[in-house]
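Residue strings, one per chain:
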Amino acid sequence: MGKVIVVTSGKGGVGKTTSTAALGAALAQNGEKVVVVDFDVGLRNLDLVMGAERRVVYDLVNVIQGEAKLTQALIRDKRVETLYLLPASQTRDKDNLTPEGVEKVITALRNAFDWVICDSPAGIERGATLAMRHADVAIVVTNPEVSSVRDSDRIIGMLDSKTLKAENGEQMEKHLLLTRYDPARAERGDMLKVDDVLEILSIPLLGIIPESMDVLRASNVGAPVTLADGRSAPAMAYFDAARRLKGEILPVTIPGEKRGFFGKIFGRKAA
Amino acid sequence: MNLFRLFSRSQSAPAARERLQVLLAHERASAGDSDLVTKLRDEILLAIAKHMQIDSEKVSVKLERGLQVSTLVVDVEIPFDAARKAA
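Sequence order for the protein chains is A and B. When the letters of the first sequence are read in order and numbered with the working numbering, they come out as residues 1 to 271. When the letters of the second sequence are read in order and numbered with the working numbering, they come out as residues 272 to 358.
Careful: at least some of the hints might be erroneous.
Said to hold, decoys possible - Heads up, incomplete: computed chain A residues facing chain B, CB under 7 Å, no partners named:
| no. | residue |
| --- | --- |
| 1 | Val146 |
| 2 | Val149 |
| 3 | Asp153 |
| 4 | Gly189 |
| 5 | Asp190 |
| 6 | Met191 |
| 7 | Leu192 |
| 8 | Asp196 |
| 9 | Ile200 |
Hint data in this document are derived by calculation from the structure and do not stem from the laboratory. Predicted, not measured: the structure shown is a model, and the values here were computed from it. For each residue, glycine too, the CB sits at the ideal point set by N, CA and C.
For reference, chain A alone in the conformation it holds in the complex:
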């Protein structure tokens, strides 16, 4: 039986899809059998970030409506053979996602994979609630910025009330993934620090992904950042986060802490 993870945030553009792809790939690169599922019906993008946009034949809605078998809709990654993608529909709307249909698909995936990673759409409507409904673990993607933190707080409230786990009186396991973090700006006092966000949201930290050009570069070429450049700072942060998901205890380091000559002088004075 695999684990079902939802990658969620409330706010759009914080890095849910990037993180879904990168964590999914990182786990698969370590031999785990992984499927990443796009729940953003109508605005799919996980296919593009994974570089599989030209291979989509069937999608999640086709499977739910019985127009295709699950095995027909799954797309196997060309680089990592234990990594699969279940794309969302681009033409249908989110009303085609039924709770029963989603449950059937998730159950089937859970039986076939070690990890089922669901990429939630932004917002708090049907698509988002269905993506989180069957999760065992939630990854809350947050930027160190006021609107993102506020929306994450809202989503944490929903994870604790609107999911199957919550309804059964169980505790949903939640992790914070802080993305687009800029240590220099935080040090200068112009960006919320890791500890500020942790204190406000009070859920455990899964990882800190630094703001980096490598993330955009990876999505440009259609590769999860852990595959595009495994030695880049964001890739290494995602690899560590994936190991923590598997239960390893690793100290969380703030990436890119190294400062140059200028940083040493000015960074310290301003701090």
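Starting from the known structure of chain A, arrange chain B on it as the hints suggest.
What follows is chain B alone, placed relative to chain A:
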């Protein structure tokens, strides 16, 4: 002068942190629709409306949510003839 500004410019992150703490304290409390201040605002306006026609331009409601204390200021302008009509 420029260099001086670089160092003297105040940090913005502490403001972000404080604003979030106040806001989320209220949003968490009102998640179960129990925001007392909002309820009070609605009921006070309703009570006033019973006795006079409220001109929405003449009513100012100010709400200040703090971490420890919130204040609700309702400022209603009562025209002379409205008061007489009610009497």
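Now for the hints, and whether the structure bears them out:
1. Val146: holds (5 Å)
2. Val149: holds (6 Å)
3. Asp153: With a closest approach of 5 Å, the A/Asp153 hint holds.
4. Gly189: holds (3 Å)
5. Asp190: holds (5 Å)
6. Met191: holds (6 Å)
7. Leu192: Nearest chain B Cβ about 5 Å off; hint holds.
8. Asp196: At about 5 Å, which falls below the 7 Å cut-off, the nearest Cβ of chain B leaves the hint on A/Asp196 intact, so it holds.
9. Ile200: With a minimum Cβ separation of about 5 Å from chain B (threshold 7 Å), the hint on A/Ile200 holds.
Figure legend: structure checked against the earlier numbered hints; every hint is met.
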